[in-house]
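Number of protein chains: 2
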Amino acid sequence: MTAAEARDRLEEFRVLIDDVDRRIVDLLNERTGVVEDIGRVKREAQLPIYEPKREDQVFANVMESNRGPLSEEAVRRIFERIIDEMRTIQRVRMERGPDGEK
Amino acid sequence: MTAAEARDRLEEFRVLIDDVDRRIVDLLNERTGVVEDIGRVKREAQLPIYEPKREDQVFANVMESNRGPLSEEAVRRIFERIIDEMRTIQRVRMERGPDGEK
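The listed protein sequences derive, respectively, from chains G and C.
Just so we're aligned: the first sequence equals residues 0 to 101 in numbering that gives the first Met the number 0.
Just so we're aligned: the second sequence equals residues 0 to 101 in numbering that gives the first Met the number 0.
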């Protein structure tokens, strides 16, 4: 493969990556929307935000659905980051009150 | 809303979250597959793995496609983790050689 051929193939792969990334961003936002709904229900019912048992279930679900090539550890680290961001959002919402005011 | 009603609603939301998460795992693996293809092409053409300019493009793409409610900073932090995992995969592949042997 010449360097020029390699560059062309890489360009094709990058178009695919950018498309996958946009779909990941959409799903992350969809997830955030549901997390916000959960926050509202918890606030209304005065339930605790942080439920370690539920977080275990979230990890069990993602691990179980992972068919690779990504390793279990990599999936876990990525979801730790995602869940951490979601926890921050719920906490901020909780502090701001029902209508999102500060 | 009674506590029982709240529990029911939370359960519905959790089914949605688990479904979104499985789709995120699928996309992460799809992305990993393309990253592995990129690694093979780079190795064959003896191009460098790490290209900071390309990483800037990846971030520009995800930021541009983010419509919220997730903040720009949260999206960036999540993709920093994703890209870091992908970089590790490419490096490991590079070291193992063309057929994945150690």
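Calculated directly from the structure, the hints in this document are not laboratory data.
Hints may be right or wrong, so weigh each one.
Cβ-to-Cβ under 8 Å is the rule here; a few derived chain G residues that face chain C [stated by the list, open to error]:
#1 8
#2 20
#3 27
#4 30
#5 44
#6 47
#7 48
#8 51
#9 74
#10 75
#11 89
Just so you know, even glycine gets a beta-carbon here, dropped at the ideal spot from N, CA and C.
So, going through the hints one by one against the coordinates:
1. 8: holds, 5 Å
2. 20: Interface hint status for residue 20/G: holds (5 Å vs cutoff 8 Å).
3. 27: Hint on residue 27/G: holds, closest Cβ of chain C at ~6 Å, below 8 Å.
4. 30: holds, 5 Å
5. 44: Holds: closest Cβ of chain C sits about 3 Å from residue 44/G, inside 8 Å.
6. 47: The hint is violated - residue 47/G has no Cβ within 8 Å of chain C, the shortest such distance being about 12 Å.
7. 48: Status violated, d = 12 Å.
8. 51: violated, 15 Å
9. 74: holds, 6 Å
10. 75: Violated. Min distance 10 Å.
11. 89: violated, 12 Å
Hint check: violations occur at hints 6, 7, 8, 10, 11; the rest are consistent with the structure.
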